[in-house]
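Single-letter residue listing:
Protein chains: 2
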Amino acid sequence: MPGRSDLLFDALPRLLRRGNKPGVRKMIDGAHAADIANVFRKLTEKQRSTLFPLIDDLGKRSEVLCELDVDIAQEFLATIDDKMLVALLTEMGSDDAADLIDVLPEERRENILHLLHQVGEPEVAELYNYDSQTAAGIMTPDVFALPDSTPAGEAIKALQDHSDSFEMSYYLYVTSAAGDLVGVLSLRQLVLGQPDVPISDLMETDVVRVDIGTDQEDVARLVARYNLLAIPVVDHTNKLVGAVTVDDIIDVIRFEATEDMLKMAGVGDELDHSSTLSAAKARLPWLLASFVGGNIAAILIGLFGSSLAKVVPLAAFFPIVLGMGGNVGIQSATIVTRGIALGRVDTSRLLSVVLREMIISVVCGFVYGSLLGVFAWWRYSESPLVESGMMFGATVGLAVAASMVIAATMGAAVPIAFERLHIDPALASGPFVTTSVDVLGITVYFGIAMMLLGI
Amino acid sequence: MPGRSDLLFDALPRLLRRGNKPGVRKMIDGAHAADIANVFRKLTEKQRSTLFPLIDDLGKRSEVLCELDVDIAQEFLATIDDKMLVALLTEMGSDDAADLIDVLPEERRENILHLLHQVGEPEVAELYNYDSQTAAGIMTPDVFALPDSTPAGEAIKALQDHSDSFEMSYYLYVTSAAGDLVGVLSLRQLVLGQPDVPISDLMETDVVRVDIGTDQEDVARLVARYNLLAIPVVDHTNKLVGAVTVDDIIDVIRFEATEDMLKMAGVGDELDHSSTLSAAKARLPWLLASFVGGNIAAILIGLFGSSLAKVVPLAAFFPIVLGMGGNVGIQSATIVTRGIALGRVDTSRLLSVVLREMIISVVCGFVYGSLLGVFAWWRYSESPLVESGMMFGATVGLAVAASMVIAATMGAAVPIAFERLHIDPALASGPFVTTSVDVLGITVYFGIAMMLLGI
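Taken in sequence, the protein lines are chains A and B.
In case it helps, my numbering puts the first sequence at residues 243 to 697.
In case it helps, my numbering puts the second sequence at residues 243 to 697.
Keep in mind that the hints were calculated from the coordinates and are not lab data.
Please note: incorrect hints may appear among the correct ones.
Identical chains blur together in the list; that is why a pair holds if it fits in one copy or across any two.
Mimicking DMTMM-like on lysine to aspartate or glutamate, the simulated pairs with C-alpha atoms at most 20 Å apart in a straight line are [as the list claims (entries may be wrong)]:
(1) LYS284 to ASP588
(2) LYS302 to ASP448
(3) LYS268 to ASP448
(4) LYS302 to GLU446
(5) LYS325 to GLU352
(6) LYS268 to ASP252
(7) LYS399 to ASP438
Start from the sequences and build out the full structure, keeping to the hints where you can.
Written as structure tokens, this is what we have:
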């Protein structure tokens, strides 16, 4: 309920400011871990360090820790001792534990992994070894799996006996004697079966599965396409090693969309930066492309200086020629990049995708080129600065249209080329496309001016 | 499995081209509906109209129809008669049926709703009446709900008896005698309970729920935050009317992310346009802001014409001053807009958000302003076109830094202002921010030039 979490969001900081610890404890007691974690974003560092120890229940404290933003979580990891940390990590799912261990300082990490091994949680160390953006990196190893000869009644009993050890199990995975994944059935299908029928008679054998090394984006695509609640993960010998659940998939989809947006805008992965200075540091390199492009444009304009001096009003239309080009380039690049991410653009058909964007830009270029041409003609028809208002209008109008078509072509072609070269296409959109539009747009503008105005 | 759908994607078009209908039928038989729908994207219109009737099984045909892109689905809806359409709609979930009815031509829609009513499916018409982007618009009315006095054993039996009528039920919702939602338990909790215990003793009473009118984006946020598989929907009297399942939430999250990206880039909702001309039509208005801004910039530069004529090289730096500003503006706008969408930016704290972006831009502006200033100074130190290379460098460097700070301020402030005015903040980013940067950037540039160069 939105109302409930809003209440917490408003009331908890107030109680903390007043130092009303019993009130805070009571409030926390009835609240969901995700809501408590959300409140942390609003607090000062001092308030945060007061609030965390007030979460008495170890299970809830561990849940809150999982839900915190990385930079806030790191604050606490630094303040709690190894014994407490191991206790908290043991409480949570192995996949969440592995993610937290990933953000520990290196010296401490080794020690914690060692301690976890001692208390009988070796799988966290195994998970930690996988790339965090693969199926293995986001899976939980605690899956509900039984041999294919198990009768349905026994399977239900097994579920009842071990119900605590399986994080969100919606499916029963069926394995062969060798541990290979051979089938799946939903808990509903299990409940519907006769108790003495072996689960191999109830299962579906056509199991959508992923490999430990499958990229998390591909895992998410499969879960979305087949409307799954979880997807099993197998190693290279088809042995079942874990499952990725839909709640983690939702996080992946949101993360990947955010990452693409930030890359397209040229901001790195900045949503997580806590300090302003580190945010600035992350953005600086992304502006370099634009800086270099702008300098090349400045040099080009300098080289055409004598032509420009003859018809100074040409300069007045630099912003619109480059601005319209830049916007069209971003339009095409966004359409193509998002299309690739959603699997709707077929990257093997470079030509047809680029052609489509070019045609669209020709239409748009015709409309705005004509408008701009007429406007410039009208405005400079009586001006002593230009010889022929009509030719001047034609120059400006043609230049803006040409700039738009060039931009659309680059905007469509570059992401596809990047994708084929296994570079993230989202990187193409912002800096790369706008920079090349700056350089090419200026060149074409002066080219047209030299032809039509004879300068 | 990716391999399997890739095979279908390659082989099915080939079989169709060869006219091998038995081969196509066999291939379809073993394929998942989502994979078949995916193949349609690759086919020509003629191939599509051959393939669809070859899907003999009514259930699968209806599933494929649900998964098709809107424009392709419309092709088929136009070719099948009302009787067939009603049969297909009856096969699918009421929420999917309502979505398809939404894209029918108006005359036909009435008739189909009437026919559905006759065959005993009135809930589709009810769903159709809700706004498609609210909880009611994406919910299914077929939920598994029982009165609180029901014993657990009977509840399991009810599930077994009606297992076909509930689309993906993971939870049992518990209602009072009056039909109010009072509790929830997972199927696992149900299976774990003693058969004679009433479900009111097993249920959790703290149910996260949404209202029929809740925006789908808020529904998605709750499901993501609390890691739910489904969320119940209640009317204004707290009566249970349906549930939104996690597979639909995944679609919402992807849809909203795409929508935000397209809006930020100024492309409308174009991923779904089939014809190139309609795509161009959708993009044209978004370019208007940039066009108007560019024209205002041109007029401004024209007004400063006599100053510009004195120091023509100033024009060479128009592209970089506006380009760097534009990029910084998009950076800030993207960070803030995405932060709002993910609930990580607190819109009530306008000042602190804007201040943060301003500080970042001051750092970036200092770095690139100094670099550009030195570059311009060096390049124009011997030039007869400028009086003092140093002052010229200072002008250009200051102008680019000022443009970046202005852009960051606009980029951060406009989305927050839009959100507070209940306008979609994603609209602010592209056209609005870059346009205002064009106009303000030019003004400030000439202002600085007049002060420092005395023109």
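Quiz prompt | Intra- versus inter-copy proximity for ASP448 and LYS268 (alpha-carbon distance at most 20 Å) | solution = This pair counts as between: shortest inter-copy Cα distance 16 Å, intra-copy 49 Å.
Exercise. Go through the copies and call it for LYS302 and GLU446: within, between, both or neither, with a Cα cutoff of 20 Å.
Key: between (37 Å within a copy, 17 Å between copies)
Quiz prompt | Intra- versus inter-copy proximity for GLU352 and LYS325 (alpha-carbon distance at most 20 Å) | solution = within (14 Å within a copy, 67 Å between copies)
Exercise. Since the copies are identical, ignore which copy is meant and state whether LYS268 and ASP252 lie within 20 Å (CA to CA) inside a copy, between copies, both or neither.
Key: So LYS268 and ASP252 pass the 20 Å test inside one copy only (15 Å; across, 60 Å).
Practice problem: Indicate which option fits the pair LYS284, ASP588 if close means a Cα-Cα distance not exceeding 20 Å: within, between, both or neither. | Solution: Between copies, since 8 Å is at most 20 Å while 44 Å is not.
Quiz item: What label fits LYS399 with ASP438 when the C-alpha limit is 20 Å: within, between, both, or neither?
Solution: Both: 12 Å inside a copy, 17 Å across copies.
Quiz item: Should LYS302 paired with ASP448 be assigned to within, between, both, or neither, using CA atoms and 20 Å as the limit?
Solution: between (38 Å within a copy, 16 Å between copies)
Checked against the numbered hints given earlier, this structure breaks none of them.
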